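Sequence order for the protein chains is B and Z. If you read the first sequence in the working numbering, its first letter stands for residue 1, the second for the next number, and so on. If you read the second sequence in the working numbering, its first letter stands for residue 1001, the second for the next number, and so on.
In case anyone wonders, no lab produced these hints; they're calculated from the structure. Do not rely on the hints blindly, as some may be mistaken.
Said to hold, decoys possible - Using 27 angstroms as the maximum straight-line C-alpha spacing, the simulated BS3-like pairs for lysine-lysine come out as follows:
1) B:K30 x B:K120
2) Z:K1159 x B:K30
3) Z:K1070 x Z:K1099
4) B:K190 x B:K30
5) Z:K1099 x Z:K1067
6) Z:K1159 x B:K29
These numbers were taken from a predicted model, which means no experiment stands behind them.
Below, each chain spelled out in residue letters.
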Amino acid sequence: MHISEGFLSVPVLSAGWLLAAGEVAYGLKKTEPEGIVRVAMISSAFFLASLINIRVGPGATHLSLIAPMGLLLGWGAPPAVFAALFLQAVLFQFGGLAVLGANTVSMGGAALCVYILFGKIVRDNNRGIQTIAAFAAGAFGVMMGVGMTGLWLVLSDRSLFPAAWLLVASHLPLAVIEGIFTAFLVIFLKRTFPDVLEPVRLK
Amino acid sequence: MSGNNRRTLNTGFVVTVLGLALFVGSGTAFAHGVGYRRLGMSAVALEFFYSTGESMAYQNARVYSPKDGKAFFQSGLSDEFGRVSFVPNIQGDWRIMVKDEEGHLAEAVITVTEEFILGSGEVSAETAAGSSIPMGGELLIRALLGVSVLFNIAAFVRKCT
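Here chain Z stands alone, though its shape is the one from the complex (with noise of 0.2 angstroms):
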């Protein structure tokens, strides 16, 4: 074999070794590529408010899955309008959570069925529990409950002491 032809071997084998780092190489970087599609799934979408109608705006939110109660599905802030939206994958009662800073906690438990997430059905999932601030007479009702009780302790202490 000639200097030449050898040299010609030589030159080939790194050309072949290089494209198969290359290949190998690109295929790694394709498996650290992201990307997205639209899906056509249902989702749930709940809007959470204040007793003075005011929404719970940039608030933490929480949705916990019928699977596990304790450890989250799905976690972040309620958009700008008090919104939380998730898309449920299972059926079953689904948990969610929007807490402020002052310690105001809203609780939705949605009813998931199977019609729902196979997106058959219109209005599948419905609200089983609403928010846990009492709202409209109802808070009437229970301020002015409050404010009683505290002049009837008052009383109650003024008679004692």
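One chain only, chain B, in its complex shape (with noise of 0.2 angstroms):
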């Protein structure tokens, strides 16, 4: 899900970059001192998951997380995708660090919208309707970040369309699998540690 350099032109990126630094200083802003340590947590997490290849027909691919960092962290998504970002181009060289700003909004964007669309209904609903809300937030989850990749790709070049397109069919089954992963996820913190789905505390 990541843009690689040399994709993006310079406004387009530029564009990433000042949506990232509002994203990421209002997401701070927002966040209490007492969540940062999570927000660290999960951006280890999320930092780490790029290197858990699921092959996927005849490709391979990895778990995004993008809606358990939005049920979990709320505002606090940005940040921790912003910095996990910045590490996995440094020091694995996944996407890039003139394209950091475009990776940053679709995936903390995305991450935010799972938590706006979907953060209280997996919160406070019977589990039927948590598993089923989670399911649909990993599959959205998913789908937004890559949608989101795949528009920066087309304001850059309109040419890039069809690998715009078939780049965003090819994460559906991704979306499938992320949406299972988050529906377990949700049933298993719920028994466990109902807490942790309370995303971090807002200013």
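Once you've looked at the hints, go ahead and assemble the two chains, each given alone in its own frame, into the complex.
And the structure:
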């Protein structure tokens, strides 16, 4: 889901950085100091998840953990995504530093949307609705993240539209996998650590 | 000249023109035909894989010649086992890149010698640079370093706020 260096135009890269700066700054402002450790913990999981590849059809992919980040961190998700993506770019050469802004907006923005759309439903309903909502959140997180990635590509170069469309379509299996994973995670956390599903407290 | 003779001449002319047209036409058809021949040239074959050991199967692969580092010499997909092969035509450093949809990029630079192209050397191409993805122990160290940095950033932010 990471956009690599060399694909985005300078105006799109600048817009990405501008939006990411706003998202991360506001996220940090809204997050209570007590929640920072949880942000670091989930950010670490996101950082490490990129190393575990799952074979899907002819290719391989890895869990994006966009929905768990949104559900567990709320507004704390964009700073967590930014820090993890920065370290992935520096230590593993995934994505890149110039495209860090655009990648942060894609994944951090998707996590934030998951929190806004599904956070309350996942927390406050019975187990059946929670499970369905968690599955939908997981699938939605992936598709929104990859949709925004495709949008960045098309905004940079209209001729990349078929490639962007292919990128979105190829992530459908991951959306299903991530939906199932998120549903299991929510059921597990509800049983064992229900408080964790409360997002990082906001100021 | 009698009528019969003239008719015979006309028929002969038509047959000649038709024959000529068929000959030219068949020549054109041969020019657009396809064929193949087996080559005895040396090929470079590389295998690309993830840090977890899984092959980078069916991923976008590009080969860049030493002559032109921007326009690709060959483009396609890696095979089921993450392998890419090509037949170099000049000596120098050839760049082979395999990239998946997640943005993982593996890049190799292969130095091809003249002996390798001529087929006189057994192993004349050598890897000058391997995968951009760290492997094994180095990967573990980098992963631990990343997690450590994240917690240190958290501690710093918490101290500042």
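A quick look at each hint next to the structure:
{"no.": "1", "hint": "B:K30 x B:K120", "result": "holds, 18 angstroms"}
{"no.": "2", "hint": "Z:K1159 x B:K30", "result": "holds, 16 angstroms"}
{"no.": "3", "hint": "Z:K1070 x Z:K1099", "result": "holds, 16 angstroms"}
{"no.": "4", "hint": "B:K190 x B:K30", "result": "holds, 25 angstroms"}
{"no.": "5", "hint": "Z:K1099 x Z:K1067", "result": "holds, 22 angstroms"}
{"no.": "6", "hint": "Z:K1159 x B:K29", "result": "holds, 14 angstroms"}
The structure fails none of the hints (numbered hints given earlier).
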